[in-house]
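Participant: Single-letter residue listing:
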Amino acid sequence: MRHRLSLFLSLGLALLSLPAMAEDVDEAAPVSAGLKLEAVPSVMQKAVDDFIRPGYRDLMEGTESLAEAAHVLCNKPSEETLGDVQMTFDEVVQQWSTIEIVRVGPVIEGNRFERFLFFPDRKSTGLKQVQRILATNDETATAAETLKGKSVAAQGLGALEYVLYGTGAEVLTSEKNGFRCRYGAAIADNLKSVAAELHAEWEKPDGIQAAWKTPGPDNPVYRDGREAATELLGILVHGVESIRDQRLRPFYAGIVKGEPDKGHPKLAIYWRSGNTMPALSANFMALQTLFNTADMQALLPDDRRSMVRAINYVLQAIVDDADQIDLPIDEAIKDEEQRGRLNRILQNTNDVLQRLNLDFGGAIGLGAGFSFADGD
Amino acid sequence: MGLIDRRDFLTMAGAVWAAALAPRATFALSRSAALYASAFRAPDGSYGVATLTEEGEIIAREPLPARAHGLTYSPITHRAVAFARRPGTYAMIFAPDNSVEPIVITSADGRHFYGHGCFSADGRLLYATENDFAGNRGMIGVYDGTNDFTRIGEFPSHGIGPHDMTLSADGRMLAVANGGIETHPDFGRTKLNLDHMEPSLALVDTQTGALIERHAMPDNLRQLSTRHVDIDADGRIWFACQYEGARNDLPPLAGSFARGEDIRFLALPEETTLALANYVGAIAVNRQDGLVGLTSPKGGTAVTVDAKTGQVVRQDSLADAAGIAAAAHGFIASSYSGQFGDAQSKVAWDQHIVRLGTL
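Same order as they appear, the protein sequences are chains A and B. If you're matching positions, the first sequence starts at 1 in my numbering and goes up one per residue. If you're matching positions, the second sequence starts at 1001 in my numbering and goes up one per residue.
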């Protein structure tokens, strides 16, 4: 090796044509000029303790209430007990829509995310499985332990929504311990179980929360503060991208060739329960809450902090518009005023994506923006 | 799949065809023919592919409708291809000397491109790594270069998530890096199976599509995604990996094998493994010099290894390190922040460089 290297050098040839070549193999990792590294531990600590852990705790408590209400419904079917289940279902949708923006860590292990929510269901494979279970009174779907082994599409929020709001749901108010109700209660038990696992994983003092709070060479998740800050920003960038591409555009693509998209309201998430826009609102609210609760502005150089106000302004505008869309989603798409709000949400979603990806990413040292640097 | 005519394509790209070269580029062209091509993002957010001189100066640019990733080139037909970044749906075939109009193809129904491909030895066929996302299996799409790159068939990549691939010198065998990671366009770029990955390297018969041999990663390295490959003068296949496991593990990140042999990992020094940040973004072989080049954008590092001894010849810091390709001696490397060799351009270079022609 030495011989080869000296040969190249003696010929005056550039073995590797690079600017500012550093020969030393002990060269330190490149410095992210803009990132305030000293702020990273505090930002990560706040993200974990003030957003992620409370988020999973709320989800656990919400699913406990949901499971309890579902069992009460089966024992005492009535309009009132069904109403209680539907109300707690709405609350769990809100809690899940808050914490689901965190698509890293324990939630992506063991198919937990898909077990909690299988979406999109483009070819209605999940719906068909749920309908088959209901049509055949498949008793193995009425206990969480056996339901767990079935398709992820038959054991999460989408399945429960169909049980509560889909064709034939009226039996829930009259049939004591009927099959449909017991299947719904098993789904609720399953959601409770997944939420409890997620809560437990994040509560382990030496588990993922420690890994997030203390980046370093021995850390199994983040080797340094730069990696941790990048991943935190990634939650926001990927969050906005996936809400836009998986939750918004499939049911309403905006203005296409000068004309408003006719839309596909049945591709909207939670359309049966009317939770489409409340869930979207909760998604964006969660992004904003994480951004501010973790004090992510502390990662920025002092002279770049003005972007924080703009990011907050746009996220808030999206939430405000989403909250004002109160018609069922098929009607909202046809209504000029409500459709205008959907158009504005799409525009603002693109805008805030650029601000997070390019402006924030660039300011913390990701020269070409966050998305560009996620390799392949 | 369908062809998009050039006018539509340019409209789609929202860009103006810059056939006329800038004065600086004309000067560059007079000194050196196009030797490299790489995809880029321009400061206005548009995407394209550029040809460059040996010194890294841009000769010409071609607009692209969306971000591209890998490239390939046929020295026989003098055609190059830029493939859309996964889960993209287009590939653009162009002549680096601008002698013919580019052709844009789109992926077939139920398929998307994975970002890489290569030509057959005679340049008549183009192979592309693709995803059969409903069937969750990797495919190799086959396109006819003698007929506007019409898709004429496909065969399995014999694994999940094929990414890069390379062709044996005799043209009979494709070496495919099946990264082992399941993705679906409904979920964008999300990796869906990080806890049960199936990475492998497959040798596939180009005549029949049959599997010749397949090398799975060892059980303790199931999260080592095999992503990029190149082939050396002896027909030995070099591969580079991205590790999805614990960040404080020190897995092997590159290796090689010849047909009929087990894979051999490169035993890189710990400081080199650390500098590569468990993530090699690109690999290139300099067949003349017997060298292997690796880049890591996450680690901001470029490494040159002697192919015979496996020893690190040199290791350089290069922030946002992107592509690497064989140079007259050693390698040329690029970065997301616009460096290409010693030149600096106001574009973000994408992950790969293709050398236009052989050494």
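Keep in mind the hints are simulated off the structure, nothing from the lab. Hints may contain errors.
[Claimed, not checked] According to the in silico footprint, chain A covers these stretches of chain B (three or more CB under 8 Å from chain A):
1. 1190–1198
2. 1246–1257
[What the hints assert, rightly or not] If we take Cβ atoms under 10 Å as the criterion, some of the chain B residues that face chain A in the derived model are:
3. Gly1045
4. Ser1046
5. Ser1168
6. Asp1186
7. Arg1214
8. Ala1216
9. Pro1218
10. Asn1220
11. Ala1277
12. Gln1351
[What the hints assert, rightly or not] The calculated lysine-lysine pairs, modelled on DSSO-like cross-linking and capped at a C-alpha distance of 30 Å, are:
13. B:Lys1346 <-> A:Lys128
14. A:Lys76 <-> A:Lys123
15. A:Lys46 <-> B:Lys1191
16. B:Lys1191 <-> A:Lys213
17. B:Lys1191 <-> A:Lys123
18. B:Lys1308 <-> A:Lys36
19. A:Lys148 <-> B:Lys1191
20. A:Lys76 <-> A:Lys150
21. A:Lys123 <-> A:Lys334
22. A:Lys148 <-> A:Lys204
23. B:Lys1346 <-> A:Lys266
24. A:Lys150 <-> B:Lys1191
25. B:Lys1346 <-> A:Lys204
Using N, Cα and C, we set each Cβ at its ideal position, and we do this for glycine too.
Participant: If you look at each residue in the region 1246–1257 of chain B, do at least three have a Cβ nearer than 8 Å to any Cβ of chain A?
Facilitator: holds (count 4)
Participant: Quick one, is the B:Ala1277 hint okay against chain A at 10 Å, beta carbons?
Facilitator: 7 Å, holds
Participant: Against chain A, is B:Gly1045 within 10 Å by beta-carbon distance?
Facilitator: At about 8 Å, which falls below the 10 Å cut-off, the nearest Cβ of chain A leaves the hint on B:Gly1045 intact, so it holds.
Participant: Taking only the CA atoms, is the gap from B:Lys1191 to A:Lys123 under or equal to 30 Å?
Facilitator: 21 Å, holds
Participant: Take a quick look at whether A:Lys148 and A:Lys204 sit within 30 Å of each other, Cα to Cα.
Facilitator: The hint holds at about 24 Å.
Participant: Between B:Lys1346 and A:Lys266, does the CA-CA distance stay at or below 30 Å?
Facilitator: Given pair B:Lys1346, A:Lys266 is violated - Cα atoms ~45 Å apart, limit 30 Å.
Participant: Is the hinted pair A:Lys46 and B:Lys1191 satisfied, with a Cα-Cα distance of at most 30 Å?
Facilitator: OK: A:Lys46 and B:Lys1191 at ~27 Å, within 30 Å.
Participant: Does B:Gln1351 meet its interface restraint, that is, does its C-beta lie within less than 10 Å of any C-beta in chain A?
Facilitator: 6 Å, holds
Participant: CA of A:Lys76 to CA of A:Lys123, is that 30 Å or under?
Facilitator: Not OK: A:Lys76 and A:Lys123 at ~36 Å, beyond 30 Å, violated.
Participant: Does A:Lys128 lie within 30 Å of B:Lys1346 when you go C-alpha to C-alpha?
Facilitator: Not satisfied, since the Cα-Cα distance of roughly 52 Å exceeds 30 Å.
Participant: What's the verdict on A:Lys148 and B:Lys1191, does the C-alpha distance respect the 30 Å limit or exceed it?
Facilitator: Holds: A:Lys148 and B:Lys1191 sit about 22 Å apart, inside 30 Å.
Participant: With a cut-off of 10 Å on the beta carbons, see whether B:Ser1168 makes it to chain A.
Facilitator: Status violated, d = 24 Å.
Of the numbered hints given earlier, the model fails hints 4, 5, 7, 8, 9, 10, 13, 14, 18, 23 and 25; all others are met.
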